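A.B. asks: Each chain, written out:
2 protein chains.
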Amino acid sequence: MSQISIAIIGLGYVGLPLAVEFAKKYPVIGFDIKQERVNQLRKGYDATLEITGQELNGVLCDRHSSDIDKPAALFITSDSDALAEANYYIVTVPTPTDKNNRPDLTPLIKASETIGKVLKPGDIVIYESTVYPGATEEECVPILEKFSGLKYCTTQPQTQAPSPSALSTQHSVLSSQHFFCGYSPERINPGDKEHTVTRIKKITSGSTPEAAEKIDTLYRSIITAGTHRASSIKVAEAAKVIENSQRDINIAFINELAMIFNRLGIDTHEVLEAAGTKWNFLQFKPGLVGGHCIGVDPYYLAQKAQESGYHPEIILAGRRLNDNMGKYIASEVVKLLIKGDYKVKGASILMLGITFKENCPDIRNTRAVDIAQELKQYGAAVEIYDPWATPEEVMHEYGLEFLSSLNGNHYDAIILTVAHDHFKTLDIRKLLSTPTGIVYDVKGMLPPDQVDGRL
Amino acid sequence: MSQISIAIIGLGYVGLPLAVEFAKKYPVIGFDIKQERVNQLRKGYDATLEITGQELNGVLCDRHSSDIDKPAALFITSDSDALAEANYYIVTVPTPTDKNNRPDLTPLIKASETIGKVLKPGDIVIYESTVYPGATEEECVPILEKFSGLKYCTTQPQTQAPSPSALSTQHSVLSSQHFFCGYSPERINPGDKEHTVTRIKKITSGSTPEAAEKIDTLYRSIITAGTHRASSIKVAEAAKVIENSQRDINIAFINELAMIFNRLGIDTHEVLEAAGTKWNFLQFKPGLVGGHCIGVDPYYLAQKAQESGYHPEIILAGRRLNDNMGKYIASEVVKLLIKGDYKVKGASILMLGITFKENCPDIRNTRAVDIAQELKQYGAAVEIYDPWATPEEVMHEYGLEFLSSLNGNHYDAIILTVAHDHFKTLDIRKLLSTPTGIVYDVKGMLPPDQVDGRL
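Heads up: the sequence lines are chains A and B, in that order. Numbering-wise, numbering that gives the first Met the number 0 puts 124 at position 125 of the first sequence, and it's gapless, one number per residue. Numbering-wise, numbering that gives the first Met the number 0 puts 364 at position 365 of the second sequence, and it's gapless, one number per residue.
This is chain A alone, in the form it adopts within the complex:
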C-alpha cells in the first residue's frame, strides 16, 4: 500500500493527543471546524491542557513552509480540502446529547460528510467517538457512501438493510471503488496524566479482516499498552459505551446510599471507608456525574436498547438518579440555611468549582450548574469561583455569575463542588460572613468536623 497519511477530524480532548502521537511517526493533518481552536493550536497552545506547548511545537509543521517534506509532522487546519491527501481518516468529534437526552449525532454526520467529499477508493475511515452499537455502520457509512459515491466494503453481517455492495466480500477485486471502516473507541481520561493515550490499551476493529489488520497495526505502532482486536465493529462500539455506563451506575448506587444514610443520620464516607476494607468492595464516591462521557454515554446505549424493544431499567435509573443530585444538594444546603436561621431569599452563596471534574478546565455538561440553578429557584444569590474554568465560557454556556478572583467574606454558605487541589489549601471558613456560616462539602474534601454537611 501507499505510505500512511492520517487525517484526524476533531481536535479536542481526544483528537489532539492522538494527532500528536501519530505525528511522531506519520504525516498527520489535524482538522477542526473551530477557527479559534485551530489558531491557538498552531501557536502551540492547547486550551484543554492535555498537551504542553513543548509537545505540540515538537510535532507542528506549516504546510507552506519548508516543513512540507517532513515525513512525520502535524499540520493543523480548518480547511477540509487539505484532508484529501490522507488515506486514513480518524473521527474524534464529540457525541453529545440534546436537551431531551437523546443522542445528537450531528457532529458525527458532519464529519462523515466532510470525509465523504474527499474519500478515495481503498481509504480507511476509523471512528473513535462514543456511539451506540451499530451507529458506525447504520448512520455514518451511508453518509460516507452518499458523499463519496464509493461503496462500503465489509465482510461483517449487516443487521439493517444492507446495500448490495455490503454483501460482497470480493474487496480485493472491488477495492477500486470501495472504502473500508473501523471503530476504535477513545478511552481518554481528561486530566489524567498517568493514563495517557499511548498507555491505555486500545480496542480496534475493521469492516473486513484486512481492514481490521491494517487498523490494528496502525494503532499498535503508537500504543505502547497494546491493542485488543474485537471481532466486529459492533462489539467494539458496545464495549466502549458500557464502560462509562458501568461507572455511571456505580456512582448512582453510591449516591442513592448517600441519600438513604443522610436520612438515617449515618455518615456515608464512614460507611464507605469501612466497606472498603473488604477485598472486593468497589471504591466509588458520591458526587455529581457530568462531563461529555459518563453523563452522556448511557443515553446512547439506552436509546439503542429502546429502539430494539428493551426498556433499560438499571441504566436509566442510574441516569435519573445522578441527574438529580444537583437538586438534592441544593435542597440540603437550603435546609442547613433554614436550620441556621438564615434568610434563604437573597442568601449569599459561593460555589467553589464549576468544571465537571477536578483539576481539569472542561465545563461541558458539568452538573455543578444544577446546584446553582436550583439555588436560584430558591431565591438565593449564587456566585461561582473556579480557577480552572474560563469566565467567558461559563457565562456563555450557562449565564452564571462567575468570579475572576475570590474577594470578600460575605457568604452565608459555601459549597465545595469540585475537588480541585487548589481548594485544599484554601481557608474556606474565612470567606463566610459569620463563623457559623454553612460549609457543604460535595466531594468529602475537608475533615468532617470542618463542614456542616456533606454528601
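Please keep in mind that the hints were generated in silico from the structure rather than gathered at the bench. In this text the structure is predicted, and so the values were computed from the model without any measurement. There are no misleading hints in this set.
Pairs count within a copy or across copies, as identical chains cannot be separated in the list.
In silico DSBU-like links for lysine-lysine, alpha-carbon gap of 35 angstroms or less:
| hint | residue 1 | residue 2 |
| --- | --- | --- |
| 1 | Lys200 | Lys284 |
| 2 | Lys200 | Lys442 |
| 3 | Lys284 | Lys213 |
Following the hints, position chain B against chain A.
C.D. replies: Relative to the frame of chain A, chain B by itself:
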C-alpha cells in the same frame, strides 16, 4: 475481667468457621437449634463443606468427658442452658427474607431471646448477621433487655425511643446491671478457600468505647487480616449491607446488557472481554443472582430506606432485574426449541446445576429453580442434576425432579446453570437426543461454538 468464654449462636456457613477459629484460643460453646446439624458436627462432619473433619475434630470437645478442662475447645450443643457460662455471645443466624421479599428477623429475634434468658451483667452480645442499619439496637436490644431484665449500655446516640438507661454513660458504675452490644459483620464467601474467616479484614463496633475495644481485641486475636473499627454499630451495619447490594447492582447491570445485546445480535461475553481491557472496567459476568446474601441483603437496605421515606430506585431496579433472569433464560431456551422444530410441550430438558453458586452445596435461595419452574409453565419436562446438591434437600425445598446420576441421552435441551468444575469435563452434547439438540450456557462455561445460546 474474667476469662473469655464465647458462645456462638448459629453454626452455619458463618458460625462454624468462626467457632472453630475461636476454639483454637478460647473455650467456645457452639449452639444450633437443628439437632441433626449438631449431631453431624459432633461427629466431625460439616455438611456445608467449609470445615474439614480434621479441622473440626482438632478442636471438638465433649463437656461430659475429661475434655472439660481444656482451656480452648469447641463444645457443640443444642441445649441453650449450656450458653449460660459464656461472657461473649456471638450471633451468626441467617437473616432471610419472606415470600414478599421483606426482612424476616425471626431467627435474629429467637437468638436474642435465647441469649436474653442467660445474659449476665457485663456480658457482651455481638451480632454478625447481615441486617439493615439500626436493626441491632432497634430490634435485638429490646429483646435482650426484656428477657434478661438487664439494661443496655451505650454511649451512642439512639435514633428511636431510647430507654432511660441508654442515655447513661456511667457504665462502669452501672455495669452491675448492664450488658453491652457490638456488631461485627460476617464476610464469609461460601466455597472460597482463599478468603477464609481469618484472612478477611473484619469490621468491629461496640455500644461503648470500652465494649468496642474489647470486641476489637477479641477479633484481632484470631483475624490475621486485621480489623477495622467503625465509629458506631450503625456504620458497621450499613457497611455490611451495602457490600452485597453493590455486587447485586453490578450483576444486574451486566444482565441488562446481556438482554440488550442479545436483541442486537451481539455476543455479551465478547463485549465484556473487550471492555475488560480498560484498566478500570469491573469484570462482572451475567448470570443468576441467588444465595442467602447478594439476593437478600439489598431487600434489607431497601426496607429501611423506605421506612425512612426514601424509595430506592437503583437498589430495587437491580433486584427486580436479577430476580427475573430465570424467566428470561427459560424464554430464551423455549425460543431455541421452537426454532429447532421441537415440541415445547413435553420437551425433555436437563438442567445441570441447582446450587446458588459453583462448587458449593448451598441451595438456599438458588434462582436456578426459577428456570425449572418457568419451563414447567411452558409444559416442558425438566430434570435436574447437580453432584454438589443433596437430592432430599432439593426435593424438600423446591419439589423438583432431581437425578442422583446422569443416565440417558434423551434430552431435547440442556441448560448449564451452574459453573461447577465437574461440568467442565462433561461431554454435554452426548446427553442430547439428537446431535442438533439445544445447549444453553448460562455461565459462559463452554466455547461459544459448542452452544446454541448463552446469556
